[in-house]
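Using the sequences plus the hints, can you model the full thing?
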Amino acid sequence: MTPSQDNHNLFENLKLELRRGSLVLAVLSCLRSEQYGYTLRKALSDRGMEIEEGTLYPLLRRLETQGLLLSEWREADKRNKRFYRLSPLGAEVLEKLLAEWSSIDAALKEIVKG
Amino acid sequence: MQPVESYLNNLAKLLPADQRDDILRELSEDINSEIEDKESQLGRTLGEAEKLEILKRRGTPLQVAAGYTQNKGTLAFGPQLIGPVLFPFYARVLLFNVGLTLLVLGSVFAVFVLSGQAIHVKEFLSNVIFQIFIQLVAVTVIFALVERHLNSHSYSKKRAKTQDDLVKQIVEEAVKPRKHEISRFDSIAVLIASAVALLWMQSLWVKPVLFFGPAASLITFAPVWQMIYSPTLFLMLMAIVRACINIAQPNWIRFRDCVAVFLNVGGLAILYVLLQARIWVVPISSSAANSGAQHLASVINQWAPFGLWIAAAITLVQTVHDLVRLYKNWRWGSSNK
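In order, the protein sequences belong to chains A and B.
The letter at position 50 of the first sequence is residue 50 when you use this note's numbering, and the numbering goes up by one with no holes.
Convert by adding 1000 to the 1-based position in the second sequence; the result is the number in this note's numbering.
There's no promise every hint is true.
[What the hints assert, rightly or not] Pairs of lysine-lysine, BS3-like flavour, derived with a Cα cap of 25 Å:
1) A:15 x A:109
2) A:78 x B:1038
3) B:1056 x A:15
4) A:42 x B:1038
5) B:1013 x B:1056
6) A:15 x A:42
7) A:96 x A:15
8) B:1328 x B:1013
9) A:15 x A:113
10) B:1207 x B:1122
11) B:1056 x A:42
12) A:78 x A:96
[Unchecked claim] Output of the computed footprint for chain B on chain A, the stretches with three or more beta carbons under 8 Å from beta carbons of chain B:
13) 49-58
14) 84-93
[Claimed, not checked] A few chain B residues that face chain A, going by a derived Cβ cut-off under 7 Å, partial list only:
15) 1029
16) 1030
17) 1033
What the hints contain is simulated information worked out from the structure, not anything from laboratory work.
Note that beta-carbon positions come from the ideal geometry of N, C-alpha and C, so glycine has one too.
Now the structure itself:
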């Protein structure tokens, strides 16, 4: 492996780490209104947050198991789809996470500014 | 079979059983939404090659299933050799084979100590490490090849269907009860464990030094082992054939159960012959000068029945367990016809 490939891989790994935490925040925020998997993925992608299906669906499952999301199978457009929405606990946690995010954001801006 | 259907069928075999139907329904819905979306953008239906592209972008069934599998470990030397889906089976096979090796070699070591033989710890340890290394390499290579094979993109495309038919069939397939189906990974694990155990038995037969260590210059296997060699080989080959057949036909549960009972009964018969023999190791030379070898052989022959009785008890319990399973599955099969 060449040094430039090494650097690229390092950057990709760090980028993944950086995105991992913010994905939860993005997904929870999007699910303040009810959506099914595909429209959620599109909504995230349209706002610049690309997410693979292989990441999104296991994440949705985990958030549901943790009680942050609720889901139900319902018919829409003549097909059964699984709709997700934020649970009351999820809404509470989201508020706290957003506050935390704002404080991290503000701190980082200060730090980056030097 | 269309690519999407084939992809989901492959994925179904890799997902955790308790969530399988739910995950499949959701993923099939997601794939179909994406296909429909693309079709409405292009104003035409997608060809099979385009559908294959969509599936390839999503990753292989093994990669997708790994996202849903609770990560109990992976094996990587640089690139990942064995992923989280196969790793529990790999660990189980390795544990079985290495455990069996350690049990046998440990028993030999204990007998040497009991018979007052001088033990060359260095020689004994190098023997143990060599055998464990061989097992580790064999099992790892085979599992890495299975992982590689499962990661290859190959979705058959035998017949075309309408989109509606396809969705219907996928959903039907997804909600079909799969409880009574043998996991292909279980069959692969049995296949690998049996193949490695067979190789190990063969190497012990050819080189008794691997079993007896330095004492191989003093003692050897008694003629009874020659007698049970072919039946044992036959049973091990039968276990391998059974696993191969169940990889291809995971729904042949009665076949698996019948073969399991037959193998256990065969194992019991072999143990019976061994117990009747009363002599399991003999000195290589019967000269009076070789009293150390005679003493060692007599100690082994004194202790061996305990091991054989334990093996017989375990096989008997396993036989009863397999008979009960055969009965239950037979009843389940009859009531679901």
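Structure-based check of all given hints:
no., hint, in the structure
1, A:15 x A:109, "holds (18 Å)"
2, A:78 x B:1038, "holds (18 Å)"
3, B:1056 x A:15, "holds (23 Å)"
4, A:42 x B:1038, "holds (12 Å)"
5, B:1013 x B:1056, "holds (18 Å)"
6, A:15 x A:42, "holds (21 Å)"
7, A:96 x A:15, "holds (24 Å)"
8, B:1328 x B:1013, "holds (23 Å)"
9, A:15 x A:113, "holds (20 Å)"
10, B:1207 x B:1122, "holds (19 Å)"
11, B:1056 x A:42, "holds (19 Å)"
12, A:78 x A:96, "violated (38 Å)"
13, 49-58, "holds (count 6)"
14, 84-93, "violated (count 0)"
15, 1029, "holds (6 Å)"
16, 1030, "holds (5 Å)"
17, 1033, "holds (4 Å)"
Hint compliance for this structure: hints 12 and 14 are not met, and every other hint is.
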